[in-house]
Amino acid sequence: MQTNPSTAVGTGITFHVAQANYYYGSFLAVSNVNLDIPERKITAFIGPSGCGKSTVLRCFNRLNDLIPGAHVEGTIQYRGVDLYDKSVDATELRRRIGMVFQKPNPFPKSIYENIAFGARINGYKGDMDELVEQSLRKAALWEEVKDKLKESGLSISGGQQQRLCIARAIAIEPEVLLMDEPCSALDPISTLRVEDLMHELKEQFTIIIVTHNMQQASRVSDMTAFYNAQATEKGGKQGYLVEYAPTQTIFNNPTEQATQDYVSGRFG
Amino acid sequence: MTTSQLPDSPQNSGLWQPNRQLSKSMELLAKIVFGAFGLVSIATTIGIVLTLIFETFLFFQEVPIWNFLTDTQWTPLFTNSQYGIIVLISATFLTSFIALIVAMPMGILAAVCLSEYAPSGLRKWLKPALEILAGVPTVVFGYFALFFVSPILETFVPGLRPFNGLSAGIVLGIAILPTIASLSEDAIYAVPQSLRQGSYALGATKRETVTNVVLPAALSGIVASFILGIARAVGETMIVTIAAGQNPRLTLDPRVPIQTMTSFIVQVAKGDAPTGSIEFITIFAVGMTLFLITLVLNAFSFWFVGRFREKYE
Numbered sequence: 066m067q068t069n070p071s072t073a074v075g076t077g078i079t080f081h082v083a084q085a086n087y088y089y090g091s092f093l094a095v096s097n098v099n100l101d102i103p104e105r106k107i108t109a110f111i112g113p114s115g116c117g118k119s120t121v122l123r124c125f126n127r128l129n130d131l132i133p134g135a136h137v138e139g140t141i142q143y144r145g146v147d148l149y150d151k152s153v154d155a156t157e158l159r160r161r162i163g164m165v166f167q168k169p170n171p172f173p174k175s176i177y178e179n180i181a182f183g184a185r186i187n188g189y190k191g192d193m194d195e196l197v198e199q200s201l202r203k204a205a206l207w208e209e210v211k212d213k214l215k216e217s218g219l220s221i222s223g224g225q226q227q228r229l230c231i232a233r234a235i236a237i238e239p240e241v242l243l244m245d246e247p248c249s250a251l252d253p254i255s256t257l258r259v260e261d262l263m264h265e266l267k268e269q270f271t272i273i274i275v276t277h278n279m280q281q282a283s284r285v286s287d288m289t290a291f292y293n294a295q296a297t298e299k300g301g302k303q304g305y306l307v308e309y310a311p312t313q314t315i316f317n318n319p320t321e322q323a324t325q326d327y328v329s330g331r332f333g
Numbered sequence: 216m217t218t219s220q221l222p223d224s225p226q227n228s229g230l231w232q233p234n235r236q237l238s239k240s241m242e243l244l245a246k247i248v249f250g251a252f253g254l255v256s257i258a259t260t261i262g263i264v265l266t267l268i269f270e271t272f273l274f275f276q277e278v279p280i281w282n283f284l285t286d287t288q289w290t291p292l293f294t295n296s297q298y299g300i301i302v303l304i305s306a307t308f309l310t311s312f313i314a315l316i317v318a319m320p321m322g323i324l325a326a327v328c329l330s331e332y333a334p335s336g337l338r339k340w341l342k343p344a345l346e347i348l349a350g351v352p353t354v355v356f357g358y359f360a361l362f363f364v365s366p367i368l369e370t371f372v373p374g375l376r377p378f379n380g381l382s383a384g385i386v387l388g389i390a391i392l393p394t395i396a397s398l399s400e401d402a403i404y405a406v407p408q409s410l411r412q413g414s415y416a417l418g419a420t421k422r423e424t425v426t427n428v429v430l431p432a433a434l435s436g437i438v439a440s441f442i443l444g445i446a447r448a449v450g451e452t453m454i455v456t457i458a459a460g461q462n463p464r465l466t467l468d469p470r471v472p473i474q475t476m477t478s479f480i481v482q483v484a485k486g487d488a489p490t491g492s493i494e495f496i497t498i499f500a501v502g503m504t505l506f507l508i509t510l511v512l513n514a515f516s517f518w519f520v521g522r523f524r525e526k527y528e
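Chains A and B, in that order, give the protein sequences.
Be aware that the first sequence starts at 66, since it is given in my numbering, and climbs by one per residue.
Be aware that the second sequence starts at 216, since it is given in my numbering, and climbs by one per residue.
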C-alpha cells in the first residue's frame with residue numbers, strides 16, 4: 066500500500082478520486098472523474114438518469130466487484146490508500162464503508178437479527194443487545210420498534226425499513242456511509258426523517274448521497290457533484306463529471322452552463 | 216341483449232358492421248371447451264378417490280380396521296392372512312428415509328453450487344444435465360441398484376443381502392435428487408439480488424452471505440422441495456420393487472429384503488388375483504394408505520410455503 070501524503074489521515078479528505086474512468090467490460094460508463102470527498106460532510110451526487118452517479122458511488126465500497134467485467138482505471142484513494150490495490154481486502158473495506166440502498170432491503174430476519182448479523186460476521190465481541198439498541202437509537206427507530214425486536218424486519222413500514230437499513234449499516238461502526246437514492250421509495254414524511262437523521266449522522270460519518278431530488282441535495286449536502294450523460298454512437302449513455310463544488314455554489318452560482326440548466330430545472 | 220340499445224352513431228357510414236352475436240357465441244364456446252379440458256384432470260382425481268374409497272370400504276367389510284392398523288404381520292396371500300399395514304409402511308419409511316439422507320444434502324449443495332457459485336455459462340449446461348437425471352426411467356435405476364450398487368455395498372456392509380432396503384434407498388435418493396436440487400435452485404435463484412448486495416455491503420463474504428442470508432430467505436422453497444421429494448420417494452415403485460425385494464417384514468434393518476406399499480401393489484397386480492377377491496381389494500386399501508400419506512405431505516408443503524414464504528419487499 067502506498068500512502069499519498071495529500072490524502073492521508075488527518076487531512077480531512079476521505080476519498081481522493083483523480084482521472085478515474087469506470088468501465089463495464091469495454092464500455093466506458095463514466096469518464097474522467099476528479100473528486101475530493103471531505104471528511105464528516107455530506108456530499109451529494111446529482112444528475113440525470115444514466116449519468117453514472119450510482120456507478121461512482123458503488124466503487125467506493127467496491128460493490129461493483131460483484132458485476133463481471135466492471136473495473137476502474139485511474140486513482141481512487143480512501144484515506145491515502147489505493148482502494149483497488151491487491152492488498153486491500155474488499156470485505157474489510159466494506160465494513161468500514163457502509164451502504165444504504167435505493168429500495169429498503171432488510172433481511173427476512175427479525176429486526177434484532179438484521180442488526181446483529183453485520184456485527185456477528187465482523188467478529189463483534191461486545192454486548193449485542195446494547196449494540197442493537199444504540200444503533201436503532203442513532204437511526205431514530207428505537208422508540209418505534211423497541212417492543213417488537215423479534216418481529217420480521219419486513220413487517221414494518223417502508224420508511225421504518227429504510228431506517229432499519231441505516232441502523233444496520235451504522236451498527237458495524239463504519240467511517241463512511243454511502244446512500245444510493247435512500248429516499249426515492251419513501252413518502253415525504255419518511256424522507257424528512259431520513260434527512261434529519263443524516264444531519265445527525267454527519268457528526269460521526271462521512272456521507273455520500275446519490276439523489277434525483279435536487280431540493281434534497283440542496284437541503285442536506287455540503288458539497289455537490291453534478292454529473293451529466295452524453296449519448297454514445299452505439300446508442301448507450303456515457304456519464305461524466307461536470308462540476309464539483311460547495312452546494313451553495315452549485316445551486317446559486319455554478320461555473321458550467323449545463324449545471325445552471327439542470328439545477329434550474331431546464332432539463333433532466 | 217343487442218347493441219341497438221346505444222343511440223346510432225352520427226358517423227355511422229355503414230362500413231362498420233361487427234357481428235356481436237357471433238363473437239358472443241364464440242366466447243361462450245371457448246369457455247365451454249376450455250372448461251371441459253380443465254374438468255378432465257379434476258374428474259380423474261375425483262374418480263380415483265371414489266374408486267379407492269369404494270374398494271377400501273369393501274376391504275374393511277372383510278378385515279376389521281383395527282387389525283389393519285395393529286397387526287404386525289402382512290400375509291394377505293396366505294391362508295391364515297394378517298393385514299398389518301405397518302409392515303409395508305415401515306419398508307416405505309425406511310427406503311424413503313435413506314433416500315432423503317442421500318438427496319437432501321446433495322440436492323441443497325447442488326442447488327447452491329448452481330445458483331451461487333457456477334459461472335452462468337456452466338449453469339446453462341449443468342442444470343439441464345441435472346434435469347436429464349429426472350428423465351432416466353426408474354426401471355433403469357432399479358437395475359442400477361440391484362446390479363451395481365448392491366454388489367459394491369456388499370464388499371463393506373456385513374450381512375447385506377442381494378435384495379435390500381439400503382441400495383434401493385440410496386438409488387431412490389439419486390432418483391429424487393433432480394426434484395430437490397431443481398426446485399431448491401429455483402427458490403435460491405429467486406432471492407432478490409438486493410439482499411445479497413445488502414449482505415456484501417456489511418462486509419460479509421460469499422459463504423456468509425449464502426449461509427446467513429440467501430439460504431434462510433429461500434427456506435420455504437427448499438423445505439417444499441424436500442417434501443415433494445419425500446412424496447416422490449414414497450410413491451416410487453420400480454426401484455423398490457426391483458431392488459428392495461418382496462419380503463414383507465416389520466424391520467428397520469436396511470440390509471435385508473423388505474416390501475414397500477408400492478411393491479406389494481405391483482406383486483398383486485401382476486399376479487393372478489381375481490377381481491373382487493380379498494387379495495385384489497387389498498391393493499386398494501394399500502393404495503388408499505399411500506394416497507393419504509402423499510396427500511398429507513402435499514398439504515403440509517402447501518401450508519408451509521404459504522406460512523413461511525418471505526415477501527421480500
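These are calculated hints, taken from the structure and not from any lab test.
Idealized CB from N, CA, C, for every residue including glycine.
Worth double-checking, as some hints may not be accurate.
To be verified - Cross-link-like lysine-lysine pairs, in silico, PhoX-like; alpha carbons within 25 Å at most:
(1) 106/A to 215/A
(2) 190/A to 239/B
(3) 246/B to 174/A
(4) 203/A to 168/A
(5) 168/A to 421/B
(6) 267/A to 299/A
(7) 174/A to 215/A
(8) 421/B to 151/A
(9) 168/A to 106/A
As the list claims (entries may be wrong) - For each label pair, taking beta carbons as the anchor points, the in silico distance ranges come out as:
(10) 401/B to 156/A: 25 to 35 Å
(11) 295/B to 215/A: 55 to 65 Å
(12) 421/B to 299/A: 31 to 41 Å
(13) 133/A to 401/B: 16 to 26 Å
(14) 339/B to 89/A: 15 to 25 Å
(15) 225/B to 254/A: 44 to 54 Å
(16) 249/A to 234/B: 49 to 59 Å
(17) 235/B to 260/A: 53 to 63 Å
(18) 347/B to 264/A: 53 to 63 Å
(19) 333/B to 114/A: 43 to 53 Å
(20) 223/A to 401/B: 22 to 32 Å
(21) 223/B to 299/A: 38 to 48 Å
As the list claims (entries may be wrong) - Computed, partial: chain B to chain A, Cβ under 7 Å:
(22) 413
(23) 416
(24) 417
(25) 419
(26) 420
(27) 498
(28) 502
Each hint, compared with the structure:
Only pairs whose Cα atoms come within 25 Å are accepted, and residue 106/A paired with residue 215/A is rejected, the gap being roughly 35 Å. Annotation: proposed proximity of residue 190/A to residue 239/B is violated, straight-line Cα distance about 73 Å (limit 25 Å). For a cut-off of 25 Å, the pair hint linking residue 246/B to residue 174/A is broken: about 45 Å separates their Cα positions. A distance of roughly 20 Å separates the Cα atoms of residue 203/A and residue 168/A; the hinted pair therefore holds under the 25 Å criterion.
In summary, the hint linking residue 168/A to residue 421/B is supported, as the alpha carbons are separated by about 22 Å, within the 25 Å threshold. A C-alpha spacing of about 41 Å is found between residue 267/A and residue 299/A, which places the hinted pair above 25 Å, so the restraint is violated. A distance of roughly 9 Å separates the Cα atoms of residue 174/A and residue 215/A; the hinted pair therefore holds under the 25 Å criterion. This hinted pair checks out: residue 421/B and residue 151/A have alpha carbons roughly 18 Å apart, not beyond 25 Å.
Between the alpha carbons of residue 168/A and residue 106/A the distance comes to roughly 24 Å, so the proposed pair stays at or under 25 Å and holds. Taking 25 to 35 Å as the suggested C-beta distance range, the pair residue 401/B and residue 156/A conforms, at roughly 28 Å. For residue 295/B and residue 215/A, the Cβ-Cβ distance of about 60 Å falls inside the hinted range of 55 to 65 Å, so the restraint holds. At about 33 Å, the beta-carbon gap between residue 421/B and residue 299/A stays in the expected band of 31 to 41 Å.
With their beta carbons about 22 Å apart, residue 133/A and residue 401/B fall inside the hinted range of 16 to 26 Å. Between residue 339/B and residue 89/A the beta carbons are some 21 Å apart, a value that agrees with the proposed interval 15 to 25 Å. Remark: the range hint 44 to 54 Å for residue 225/B to residue 254/A is upheld by a beta-carbon distance near 52 Å. For residue 249/A and residue 234/B, the Cβ-Cβ distance of about 51 Å falls inside the hinted range of 49 to 59 Å, so the restraint holds.
Here the CB-CB span from residue 235/B to residue 260/A is close to 58 Å, well matched to the stated 53 to 63 Å. The hinted range of 53 to 63 Å is satisfied by residue 347/B and residue 264/A, whose Cβ atoms lie roughly 60 Å apart. Between residue 333/B and residue 114/A, the C-beta spacing of about 33 Å breaks the proposed range 43 to 53 Å. As the Cβ distance of residue 223/A to residue 401/B is approximately 28 Å, the hint placing it in 22 to 32 Å holds.
Range check, residue 223/B to residue 299/A: Cβ separation about 55 Å, and the 38 to 48 Å hint is violated. For the restraint placing residue 413/B at the interface with chain A, the shortest Cβ-Cβ distance is roughly 4 Å, inside the 7 Å limit, so the hint holds. Hint status for residue 416/B: holds, given a least beta-carbon distance of 4 Å to chain A, under 7 Å. A hinted interface residue such as residue 417/B counts as satisfied when its beta carbon comes closer than 7 Å to some beta carbon of chain A; here the least separation is about 4 Å, so the hint holds.
Checking residue 419/B against chain A: minimum C-beta separation of about 5 Å stays under 7 Å; hint holds. The interface hint given for residue 420/B holds, since its Cβ lies 6 Å from the closest Cβ of chain A, which is under the 7 Å cut-off. The interface hint given for residue 498/B is violated, since its Cβ lies 46 Å from the closest Cβ of chain A, which is over the 7 Å cut-off. Checking residue 502/B against chain A by beta carbon gives a least distance of about 40 Å; that is not within 7 Å, so the hint is violated.
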